Amino acid sequence: GNSVTQMEGPVTLSEEAFLTINCTYTATGYPSLFWYVQYPGEGLQLLLKATKADDKGSNKGFEATYRKETTSFHLEKGSVQVSDSAVYFCALFTGTASKLTFGTGTRLQVTL
Amino acid sequence: EADIYQTPRYLVIGTGKKITLECSQTMGHDKMYWYQQDPGMELHLIHYSYGVNSTEKGDLSSESTVSRIRTEHFPLTLESARPSHTSQYLCASSEDHLAGGYEQYFGPGTRLTVT
Numbered sequence: 001g002n003s004v005t006q007m008e009g010p011v012t013l014s015e016e017a018f019l020t021i022n023c024t025y026t027a028t029g030y031p032s033l034f035w036y037v038q039y040p041g042e043g044l045q046l047l048l049k050a051t052k053a054d055d056k057g058s059n060k061g062f063e064a065t066y067r068k069e070t071t072s073f074h075l076e077k078g079s080v081q082v083s084d085s086a087v088y089f090c091a092l093f094t095g096t097a098s099k100l101t102f103g104t105g106t107r108l109q110v111t112l
Numbered sequence: 001e002a003d004i005y006q007t008p009r010y011l012v013i014g015t016g017k018k019i020t021l022e023c024s025q026t027m028g029h030d031k032m033y034w035y036q037q038d039p040g041m042e043l044h045l046i047h048y049s050y051g052v053n054s055t056e057k058g059d060l061s062s063e064s065t066v067s068r069i070r071t072e073h074f075p076l077t078l079e080s081a082r083p084s085h086t087s088q089y090l091c092a093s094s095e096d097h098l099a100g101g102y103e104q105y106f107g108p109g110t111r112l113t114v115t
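From first to last, the protein sequence lines are chains A and B. All the letters of the first sequence, read from the start, carry residue numbers 1 to 112 under our numbering. All the letters of the second sequence, read from the start, carry residue numbers 1 to 115 under our numbering.
Hints may contain errors.
As the list claims (entries may be wrong) - For lysine to aspartate or glutamate, the following EDC-like pairs were computed, each having C-alpha atoms within a straight-line distance of at most 20 Å:
| no. | chain 1 | residue 1 | chain 2 | residue 2 |
| --- | --- | --- | --- | --- |
| 1 | B | K18 | B | E42 |
| 2 | A | K52 | B | D96 |
| 3 | A | K99 | B | E79 |
| 4 | A | K56 | B | E63 |
| 5 | A | K99 | A | D84 |
| 6 | A | K49 | A | D84 |
| 7 | A | K99 | B | E103 |
| 8 | A | K52 | B | E103 |
| 9 | A | K49 | B | E56 |
| 10 | A | K99 | B | E56 |
To be verified - Where chain B lies over chain A, by a calculated footprint (3+ residues, C-beta under 8 Å):
| no. | region |
| --- | --- |
| 11 | 15–26 |
| 12 | 50–62 |
| 13 | 67–74 |
Source of the hints: derived by calculation from the structure; they are not laboratory data. Just so it is clear, the structure is predicted and the values come from calculations on it, not from any experiment. C-beta atoms are modelled at their ideal positions from N, C-alpha and C, and glycine is treated no differently.
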């Protein structure tokens, strides 16, 4: 079956630090990959996505590249802000399962 | 901008009460979902629907029930609330994936506390 593994949190960084949140996956078929973000007290929002190998998704300074050879989709940002403090979920979708499979989420805390 | 709404946002209720959590979307999406999010943040799919009069149980067993009488409306009901039902409940919707609708749009959630 499909599964997503994310690095454990919480991740605590100082403002302007470089961020990496690791995500690896196991899937049958050819999944589409997503990063969702959940700010405190809110639902999830799509942050970025990639639908095929070597695609790079990007949004709000965040990037992730679909690496089929390493089955990974790591999230990166060059300079985090306090406003980036949130929980980040990696997810995949396959037509076979026809629903999203989420990782367990990684909490990011950015301090001044 | 996604238009998916959940009410109430917060609910504190006593054990044994019947409750209904409302979810509505104005995007005309066929697919709708309910997730339960535990305090450790992990999301568990508890119900989903592929269209009117279609409902399925998700990956996590739940004592709740759902209905889908109208495309835009997907309420979740607990006949007799218990403290173990205390959680955050998130509703989501998406287009059919055959139309390229992989993205799910989430509502703001209902935080339920059963005392």
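**Prompt:** Which earlier hints turn out false for this structure, listed by number in ascending order?
**Reply:** 1, 3, 4, 5, 9, 11, 12 and 13
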